[in-house]
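**Q** All chains should be modelled from the sequences, with the hints used to inform the complete structure.
Just so we're aligned: 9 in our numbering is position 9 of the sequence shown, and the numbers increase by one with no gaps anywhere.
Hints were generated in silico from the structure; no laboratory data involved.
Ideal Cβ positions, reconstructed from N, Cα and C, are used throughout, including at glycine.
Please note that a few of the clues may not be correct.
Below, simulated SDA-like cross-link-like pairs (lysine to any residue); rule was C-alpha separation at most 20 Å, straight line [as the list claims (entries may be wrong)]:
id : residue 1 : residue 2
1  : K5        : L16
2  : K5        : N15
3  : K5        : N23
If you anchor each label on the Cβ, the simulated ranges turn out as follows [as the list claims (entries may be wrong)]:
id : residue 1 : residue 2 : range
4  : V7        : L29       : 29 to 35 Å
5  : P2        : L29       : 36 to 42 Å
6  : H32       : N12       : 41 to 47 Å
7  : P2        : N23       : 27 to 33 Å
8  : Q9        : L29       : 26 to 32 Å
9  : K5        : G26       : 30 to 36 Å
10 : H32       : L3        : 39 to 45 Å
11 : L3        : F33       : 31 to 37 Å
12 : P2        : S31       : 26 to 32 Å
13 : H32       : F4        : 28 to 34 Å
14 : K5        : F33       : 27 to 33 Å
15 : H32       : P2        : 29 to 35 Å
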Amino acid sequence: MPLFKVVVQLVNIQNLYRWIAVNRIGNWLQSHFIKWPSKQ
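**A** See below:
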């Protein structure tokens, strides 16, 4: 398996984990600070 493909897969996995973490933090903030005025 070419090294380039391995590196690309690792980067994609890191981006996926980062996206999931950001979404979880965002959902947690929304659920705990829903009293704040939401910008919509």
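**Q** Each hint should be assessed against the structure and marked as holding or not.
**A** Hint check results:
1. With a CA separation close to 16 Å, the supplied pair K5 and L16 stays within the 20 Å bound.
2. The straight-line distance between the Cα atoms of K5 and N15 is roughly 15 Å, inside the 20 Å bound, and the hint therefore holds.
3. Distance check on the hinted pair: K5 and N23 sit about 27 Å apart at the alpha-carbon level, beyond 20 Å; violated.
4. Range check, V7 to L29: about 33 Å between beta-carbon atoms, so the 29 to 35 Å window is met.
5. P2 and L29 have their C-beta atoms about 41 Å apart, which keeps the hinted 36 to 42 Å range intact.
6. As the Cβ distance of H32 to N12 is approximately 30 Å, the hint placing it in 41 to 47 Å is violated.
7. Between P2 and N23, the C-beta spacing of about 31 Å keeps the proposed range 27 to 33 Å intact.
8. Evaluation of the 26 to 32 Å hint for Q9 and L29 yields a pass: the beta carbon distance comes to about 31 Å.
9. In this structure, K5 and G26 meet the distance hint of 30 to 36 Å, their C-beta atoms being roughly 31 Å apart.
10. In this structure the supplied range 39 to 45 Å holds for H32 paired with L3, their Cβ-Cβ distance being about 43 Å.
11. Remark: the range hint 31 to 37 Å for L3 to F33 is contradicted by a beta-carbon distance near 44 Å.
12. Here the CB-CB span from P2 to S31 is close to 43 Å, at odds with the stated 26 to 32 Å.
13. Hint check: H32 to F4, Cβ distance near 42 Å, so the stated range 28 to 34 Å is violated.
14. A C-beta distance of roughly 42 Å is found between K5 and F33, which places it outside the suggested range of 27 to 33 Å.
15. Look at H32 against P2: about 45 Å separates their beta carbons, and that is not inside 29 to 35 Å.
The structure fails hints 3, 6, 11, 12, 13, 14 and 15 (numbered hints given earlier, in ascending order).
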